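Chains as they are written, first to last, in the working numbering: chain A, 1 to 438; chain B, 1 to 438.
For the record, the hints were derived by calculation from the structure and aren't laboratory data.
Treat the hints with caution; some may be incorrect.
As the list claims (entries may be wrong) - Okay, the calculated beta carbon distance ranges per label pair:
| # | chain 1 | residue 1 | chain 2 | residue 2 | range |
| --- | --- | --- | --- | --- | --- |
| 1 | A | 367 | B | 177 | 38 to 46 Å |
| 2 | B | 413 | A | 171 | 46 to 54 Å |
| 3 | B | 18 | A | 399 | 48 to 56 Å |
| 4 | B | 396 | A | 35 | 46 to 54 Å |
| 5 | A | 18 | B | 18 | 56 to 64 Å |
| 6 | A | 367 | B | 167 | 49 to 57 Å |
Keep in mind that this is a model prediction, so the values were computed, not measured.
All C-beta atoms in this analysis are idealised placements derived from N, C-alpha and C, irrespective of residue type, glycine included.
2 protein chains.
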Amino acid sequence: MSTHDAVSVIAAKRDGHALSDSQIDWVVDAFTTGAVADEQMSALAMAIVLRGMDRHEIARWTQAMIASGERMDFGALRRDGRPLRTVDKHSTGGVGDKITLPLAPLVASYGLAVPQLSGRGLGHTGGTLDKLESIPGWRADVGAAEMMTQLAEVGAIVCAAGSGLAPADKRLYALRDVTATVESIPLIASSIMSKKIAEGTAALVLDVKVGSGAFMKSIDDARELAETMVALGADAGVETVALVTAMSTPLGLTAGNAVEVEESIEVLAGGGPGDVVELTLALAAEMLAAGGVDADPATNLANGRAMDSWRAMIAAQGGDPDAPLPRADHQETITAERDGVVSRLDAMGVGVAAWRLGAGRARQGEAVQHEAGVRWHARPGDRVRAGDLLFTLSTQTPERFGAAREALADAVTIVDDTGDGVSDLAGPLILDRVTVGT
Amino acid sequence: MSTHDAVSVIAAKRDGHALSDSQIDWVVDAFTTGAVADEQMSALAMAIVLRGMDRHEIARWTQAMIASGERMDFGALRRDGRPLRTVDKHSTGGVGDKITLPLAPLVASYGLAVPQLSGRGLGHTGGTLDKLESIPGWRADVGAAEMMTQLAEVGAIVCAAGSGLAPADKRLYALRDVTATVESIPLIASSIMSKKIAEGTAALVLDVKVGSGAFMKSIDDARELAETMVALGADAGVETVALVTAMSTPLGLTAGNAVEVEESIEVLAGGGPGDVVELTLALAAEMLAAGGVDADPATNLANGRAMDSWRAMIAAQGGDPDAPLPRADHQETITAERDGVVSRLDAMGVGVAAWRLGAGRARQGEAVQHEAGVRWHARPGDRVRAGDLLFTLSTQTPERFGAAREALADAVTIVDDTGDGVSDLAGPLILDRVTVGT
Numbered sequence: 001m002s003t004h005d006a007v008s009v010i011a012a013k014r015d016g017h018a019l020s021d022s023q024i025d026w027v028v029d030a031f032t033t034g035a036v037a038d039e040q041m042s043a044l045a046m047a048i049v050l051r052g053m054d055r056h057e058i059a060r061w062t063q064a065m066i067a068s069g070e071r072m073d074f075g076a077l078r079r080d081g082r083p084l085r086t087v088d089k090h091s092t093g094g095v096g097d098k099i100t101l102p103l104a105p106l107v108a109s110y111g112l113a114v115p116q117l118s119g120r121g122l123g124h125t126g127g128t129l130d131k132l133e134s135i136p137g138w139r140a141d142v143g144a145a146e147m148m149t150q151l152a153e154v155g156a157i158v159c160a161a162g163s164g165l166a167p168a169d170k171r172l173y174a175l176r177d178v179t180a181t182v183e184s185i186p187l188i189a190s191s192i193m194s195k196k197i198a199e200g201t202a203a204l205v206l207d208v209k210v211g212s213g214a215f216m217k218s219i220d221d222a223r224e225l226a227e228t229m230v231a232l233g234a235d236a237g238v239e240t241v242a243l244v245t246a247m248s249t250p251l252g253l254t255a256g257n258a259v260e261v262e263e264s265i266e267v268l269a270g271g272g273p274g275d276v277v278e279l280t281l282a283l284a285a286e287m288l289a290a291g292g293v294d295a296d297p298a299t300n301l302a303n304g305r306a307m308d309s310w311r312a313m314i315a316a317q318g319g320d321p322d323a324p325l326p327r328a329d330h331q332e333t334i335t336a337e338r339d340g341v342v343s344r345l346d347a348m349g350v351g352v353a354a355w356r357l358g359a360g361r362a363r364q365g366e367a368v369q370h371e372a373g374v375r376w377h378a379r380p381g382d383r384v385r386a387g388d389l390l391f392t393l394s395t396q397t398p399e400r401f402g403a404a405r406e407a408l409a410d411a412v413t414i415v416d417d418t419g420d421g422v423s424d425l426a427g428p429l430i431l432d433r434v435t436v437g438t
Numbered sequence: 001m002s003t004h005d006a007v008s009v010i011a012a013k014r015d016g017h018a019l020s021d022s023q024i025d026w027v028v029d030a031f032t033t034g035a036v037a038d039e040q041m042s043a044l045a046m047a048i049v050l051r052g053m054d055r056h057e058i059a060r061w062t063q064a065m066i067a068s069g070e071r072m073d074f075g076a077l078r079r080d081g082r083p084l085r086t087v088d089k090h091s092t093g094g095v096g097d098k099i100t101l102p103l104a105p106l107v108a109s110y111g112l113a114v115p116q117l118s119g120r121g122l123g124h125t126g127g128t129l130d131k132l133e134s135i136p137g138w139r140a141d142v143g144a145a146e147m148m149t150q151l152a153e154v155g156a157i158v159c160a161a162g163s164g165l166a167p168a169d170k171r172l173y174a175l176r177d178v179t180a181t182v183e184s185i186p187l188i189a190s191s192i193m194s195k196k197i198a199e200g201t202a203a204l205v206l207d208v209k210v211g212s213g214a215f216m217k218s219i220d221d222a223r224e225l226a227e228t229m230v231a232l233g234a235d236a237g238v239e240t241v242a243l244v245t246a247m248s249t250p251l252g253l254t255a256g257n258a259v260e261v262e263e264s265i266e267v268l269a270g271g272g273p274g275d276v277v278e279l280t281l282a283l284a285a286e287m288l289a290a291g292g293v294d295a296d297p298a299t300n301l302a303n304g305r306a307m308d309s310w311r312a313m314i315a316a317q318g319g320d321p322d323a324p325l326p327r328a329d330h331q332e333t334i335t336a337e338r339d340g341v342v343s344r345l346d347a348m349g350v351g352v353a354a355w356r357l358g359a360g361r362a363r364q365g366e367a368v369q370h371e372a373g374v375r376w377h378a379r380p381g382d383r384v385r386a387g388d389l390l391f392t393l394s395t396q397t398p399e400r401f402g403a404a405r406e407a408l409a410d411a412v413t414i415v416d417d418t419g420d421g422v423s424d425l426a427g428p429l430i431l432d433r434v435t436v437g438t
């Protein structure tokens with residue numbers, strides 16, 4: 001017979017106490033088996049949101065989430081008879097964040113294995129799998145054996161995480177989503193890290209977003225989240241480093257599915273928007289360092305090797321890298337109302353517009369429009385004249401244009417061009433770097 | 001289409017904001033219809049426990065709970081052609097609290113109508129209906145028409161509350177019970193008052209318990225609960241007064257079902273333990289005043305009229321007031337280990353022991369043993385000698401004695417008899433009186 005019960009565990013956190021190891025182990029296991037009901041877990045989650053968890057509790061909670069399911073092991077990965085080192089990357093989510101697409105094949109092109117187990121989008125940030133599914137033939141669901149083969153042969157894979165990894169976290173996340181208990185650094189950190197640790201990567205690079213388009217609105221919160229996750233990784237023997245990066249302005253010039261794949265291919269071809277290239281190279285440099293490779297990641301963007309990796313990765317999962325991407329049947333534009341300089345482009349407004357055009361889903365399981373999205377033609381620091389193109393909106397369902405325009409109504413600020421300081425309006429992209437001990 | 005959704009209402013309270021009238025109306029109604037799920041309501045309840053509600057929110061929440069169901073109306077009550085004034089009493093629950101049993105017929109004996117809609121016990125405090133059901137033939141379920149007749153003819157009734165009164169509160173209470181969200185003054189106050197206001201009484205006297213055997217452990221919390229409920233009553237046009245009374249020591253000399261009926265009959269016969277008599281008379285005085293009756297309630301205990309009312313009340317609900325009460329087949333005793341003075345008798349320990357002997361239930365719907373209970377033979381201030389009887393434990397299931405003894409192991413403190421100050425050890429019973437404006 002158990003020495004714990006749900007009410008006393010919830011009451012302990014409600015009253016501001018740290019949960020003991022055995023309370024955490026018990027409650028996560030009982031939630032997994034159904035002995036602790038959803039309404040009990042959601043009350044506990046709210047108590048955690050408002051009372052917090054200390055580092056030791058977070059570590060134990062993460063371990064319990066991992067223990068609720070399977071763990072993957074890439075220790076047997078070999079290429080040409082030599083062990084292949086795995087390096088993974090995770091972003092906390094931002095608008096226009098297509099970095100995984102050029103990054104995974106770029107890093108793989110240096111001889112590392114990059115197993116990117118990804119999710120689908122919910123709300124205003126897009127999902128990596130939704131983006132790749134706009135490539136004709138490409139499929140996200142890959143079995144474990146096939147995954148090992150692709151990693152050994154191609155080096156990069158982006159695929160759906162199996163439901164066996166941290167199933168308690170999966171159920172808890174669905175519950176948090178409907179109970180206003182997402183916004184908690186302990187719960188966000190343990191949710192991300194339980195999945196990443198269960199995935200069995202040897203090293204991990206985190207991209208922690210901060211700004212109006214991200215979960216974390218303040219740099220202090222973002223740093224705390226980064227530090228918490230880096231510590232959790234280190235505790236679990238995963239070499240972990242985090243970059244804290246700006247997400248008040250959306251990344252690149254596109255938000256959606258096919259449009260983001262297109263932009264990623266531009267980067268792999270040696271072009272693409274400056275901020276997407278900058279962040280891809282910064283994260284690649286961290287991944288190469290973590291994987292023990294001494295090289296400049298810009299090289300393989302310039303010489304085409306990253307593009308070769310991309311084509312191999314897409315083809316291995318049934319995709320045709322040469323097939324044309326789907327285009328929307330309906331487009332509308334938004335133009336500048338005055339001359340001046342763009343001082344602000346709001347990531348949240350852009351993300352919500354893309355979502356409302358059909359690029360994202362409101363509920364889990366809904367289909368998305370691969371053709372839908374937003375392209376913007378000016379970024380903070382750019383000079384514009386009245387009538388210049390600001391946005392192109394694309395969708396298969398033109399009745400969505402109105403709601404998307406509403407989301408963008410206040411998304412751009414244009415100020416008088418005083419002639420100086422214009423280039424500063426973009427602001428720095430990479431704000432901090434967090435490692436164990438920082 | 002509604003302008004509210006569950007996540008934004010929960011998030012508002014999570015972030016410490018006051019809920020608007022329309023948010024409260026919406027969320028209670030949506031919970032009643034099932035559009036807001038249990039896991040969402042429990043997250044909101046936890047946010048309310050930790051963030052609180054202001055007086056205006058509590059009043060609106062209470063109104064919304066009332067609006068979720070039916071309201072009773074005693075306005076048509078007549079005796080001898082004259083309107084009959086209704087006065088109700090509610091206790092927040094304590095160990096050995098059988099006060100309703102002598103109180104209702106006593107107050108009715110002065111020509112007032114006392115509709116006591118009561119509940120069944122859960123946990124360490126007993127339920128009034130469970131106690132009365134130990135009387136052979138007595139039944140708790142009475143229809144609305146029968147209730148009016150009994151009130152008009154006998155004046156007193158103790159019966160089960162219909163499920164139509166504040167059904168949202170009923171569902172919420174069941175949820176709070178399993179999610180550690182009971183301990184909230186706003187939620188306790190609105191739960192009690194929504195039921196009492198829906199019951200349609202003209203006046204209400206509250207007995208707010210404070211101490212180790214009560215929900216409220218501190219006098220400040222008890223006063224705040226009393227003030228909150230008195231204000232809610234006044235807002236709803238119910239003349240409400242509260243006594244704050246001590247519940248660290250159990251009331252009287254018995255806790256259980258039949259044993260508490262027996263003790264109540266002693267009080268109605270003009271005897272009984274001093275504290276039970278004192279509290280019965282204090283509450284009766286408040287009820288008579290609220291009902292506009294100028295009389296000393298001790299009179300009808302002494303002259304037998306309260307006992308006549310009791311017999312009529314029991315008989316009207318099928319009970320035989322002359323039938324012998326059930327007695328337990330198994331008894332064990334606990335004796336004093338040393339000479340001295342009892343300085344402490346813990347209500348919680350006694351309540352848990354009675355519960356474990358079978359007098360209470362662990363889950364709703366379980367049967368209780370009418371025969372089971374605890375009788376104590378010494379109270380704080382009483383001198384005892386080693387070997388003197390302290391407790392008699394009764395049950396139909398002797399395997400329960402061990403767990404009951406455990407609950408009592410630390411329930412009594414005996415100190416050296418220094419000869420003075422002994423009578424002070426009992427402490428005052430009535431600690432405060434709260435009316436509108438205090």
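Quiz item: So does residue 18 of chain A sit 56 to 64 Å from residue 18 of chain B, Cβ to Cβ?
Solution: violated (30 Å)
| request: Indicate whether the distance between the beta carbons of residue 18 of chain B and residue 399 of chain A respects the range 48 to 56 Å. | output: violated (38 Å)
### Query
Could one say that the CB atoms of residue 396 of chain B and residue 35 of chain A fall in the range 46 to 54 Å?
At 31 Å between Cβs, range violated.
Hint says 49 to 57 Å; check whether the CB-CB distance for residue 367 of chain A and residue 167 of chain B agrees. At 39 Å between Cβs, range violated.
State, for the Cβ atoms of residue 413 of chain B and residue 171 of chain A, whether the hinted interval 46 to 54 Å holds or is violated. With Cβ atoms ~48 Å apart, the hint holds.
| said: Assuming the hint says 38 to 46 Å, is it satisfied by the Cβ distance from residue 367 of chain A to residue 177 of chain B or not? | reply: Holds - the Cβ-Cβ distance for residue 367 of chain A and residue 177 of chain B, about 41 Å, lies within 38 to 46 Å.
Checked against the numbered hints above, the structure breaks hints 3, 4, 5 and 6 and satisfies the rest.
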